[in-house]
Amino acid sequence: MSEKIEKVREVVVPGEKLGDASLKTAEGAYKDNDGVYSSLLGVVERESDRGIRIRALRGKYLPRVGDFVIGKVVEVGLMDWTIDINSPYLARLDSKEAGIEVDPITIDLRHYFDVGDYIAAHVLSFDRVTPPSLSIRERGLGKIHGGIPISVIPSRVPRIIGKKGSMISMLDKMLKTRLLVGQNGYIIIQGGSAEDVTFTISVLRKIEEEAYTYGLTDRIKELLIKRYGDKNV
Amino acid sequence: MSKLSQEELLTDDGIRNDGRRVDEARPFEVEVGVLTQANGSALVRQGKNVILAGVMGPYEAERHSQYLDRAVLKVRYHMQPYSTNDRKSPTYSRREMELSRAIREALEPAVILTDLPRTEIDVFIEVLQADGGTRCASVNAASVALADAGIPMKDLVTAVAIGKIRDTLVIDINDLEDENGQADFPIAMMPNKDKITLLQMNGLLDEAEIKKSIDMARGVIGSLYTIQVNALKKKYTPLAVSKEG
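If you read the sequences in order, they're chains A and B. What the first sequence shows, in the numbering used here, is residues 52 to 284, in sequence order. What the second sequence shows, in the numbering used here, is residues 720 to 964, in sequence order.
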């Protein structure tokens with residue numbers, strides 16, 4: 052079964068007709084009088100149960116309530132932090148959502164998170180009119196101590212996680228580093244030697260680059276076995 | 720340069736000064752994603768025009784310039800001093816301001832600004848070499864760069880200038896034809912919607928000629944549009960192709 056089959060996913064550009072107006076549409080597609088059109092440069096997903104949708108090949112992160120994101124503190128206020136989450140909109144983390152009772156006279160929020168710190172958080176709300184707000188009131192959220200940050204194209208994060216987490220659980224098992232993957236495309240690599248980190252980055256870049264190809268999980272698996280052996284599979 | 724006569728611009732055999740026929744557009748090439756720091760970019764060659772477009776954004780606009788219900792689109796068209804025969808002053812001229820606005824208004828109907836409230840999208844257009852019809856070539860470059868930046872759009876925008884020489888309508892005029900011809904009529908369209916987003920005119924055309932010009936433009940825009948689409952697909956389809964079975 053070593054026959055080479057070239058499978059190509061359908062790449063569309065904005066304005067391309069995807070079908071007639073009876074189709075259901077999700078992200079990246081819009082209805083006009085006579086049909087359904089793409090509004091993004093991306094890959095078409097026709098089977099999705101929410102309707103036809105386009106997975107963007109480029110572009111920034113748009114926050115969605117409940118998303119796990121990794122953010123970088125860019126400003127410390129009296130009662131809140133301003134966080135860069137790789138989105139057009141800067142996010143806000145209120146001290147209440149960090150579980151801190153603040154008296155601005157006696158407490159300096161810099162003691163908790165300072166400019167340049169990375170934090171793991173959930174998106175609490177986002178309505179495009181007010182800045183997206185974050186929360187760290189759950190286990191495992193909060194300041195990230197150490198690690199190497201990298202950023203990937205946000206629309207390709209689902210591929211790094213894989214179907215039902217298949218890719219990320221394989222990476223967790225087989226890599227010598229630990230990964231914190233934010234839906235917004237920021238990833239923190241922790242632990243491992245310098246070589247392990249370099250290898251991890253190369254694997255992540257490969258997944259990012261080949262996100263829309265078939266059989267990617269198998270190719271990544273091969274790569275990991277080649278490097279670390281198959282005792283962890 | 721001395722003024723050329725109409726006969727020098729168009730021979731009795733219907734050949735133009737650069738060897739083209741009246742219904743022949745200049746060679747058109749599009750390269751996508753030529754810059755890595757910009758969020759989106761495109762390099763367009765339309766005849767001797769060489770135009771680079773880079774897109775930054777969307778990012779949160781300054782408080783005083785943001786709209787609560789839509790994004791702000793800003794366009795800056797600029798010509799390099801070495802882009803023309805005579806050195807062009809590098810300062811931002813009145814003409815460039817006007818063209819920036821015309822190009823912005825040609826792109827705005829295509830960009831779905833309401834998807835990105837409070838943000839700003841910047842389009843920077845650098846004319847590296849100019850040979851007539853730079854606003855059209857700029858629109859062609861900018862719309863591809865916007866798509867490359869992952870900005871939601873209803874359609875791409877494609878443009879071409881129709882001219883009149885020796886009382887004949889000609890397609891995609893160059894600088895000489897622009898300066899010495901009887902009319903310059905740039906047209907931009909959203910090809911899939913068949914909607915016009917830019918229509919300017921310099922010179923004189925009668926009603927019948929205007930109608931005919933638009934029909935001619937529609938045809939050329941169709942073929943230029945195909946080249947834009949193919950350039951985008953060529954850049955991104957390899958990402959969607961499987962290496963093995």
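No lab work stands behind these hints: they were computed from the structure. There may be inaccurate statements among the hints.
A few chain A positions that, by computed beta-carbon distances, are all more than 10 Å from chain B [said to hold, decoys possible]:
| no. | residue |
| --- | --- |
| 1 | Leu108 |
| 2 | Arg109 |
| 3 | Glu126 |
| 4 | Tyr140 |
| 5 | Glu152 |
| 6 | Arg179 |
| 7 | Ile211 |
| 8 | Ala245 |
| 9 | Leu274 |
Examples of chain B residues lying across from chain A (beta carbon under 8 Å, computed) [what the hints assert, rightly or not]:
| no. | residue |
| --- | --- |
| 10 | Leu723 |
| 11 | Leu917 |
| 12 | Lys952 |
Within a straight-line C-alpha distance of at most 30 Å, the following computed DSS-like cross-link-like pairs (lysine-lysine) qualify [to be verified]:
| no. | chain 1 | residue 1 | chain 2 | residue 2 |
| --- | --- | --- | --- | --- |
| 13 | A | Lys277 | A | Lys123 |
| 14 | A | Lys82 | B | Lys954 |
| 15 | B | Lys930 | B | Lys873 |
| 16 | A | Lys68 | B | Lys912 |
The model shown is predicted, which means the values in this text are computed figures rather than measured ones. Positions of the beta carbon are idealized from the N, C-alpha and C atoms, including for glycine.
- prompt: Going through the earlier hints one by one, which of them does the structure break, listed in rising order?
  reply: 1, 2, 4, 6, 10, 11, 13
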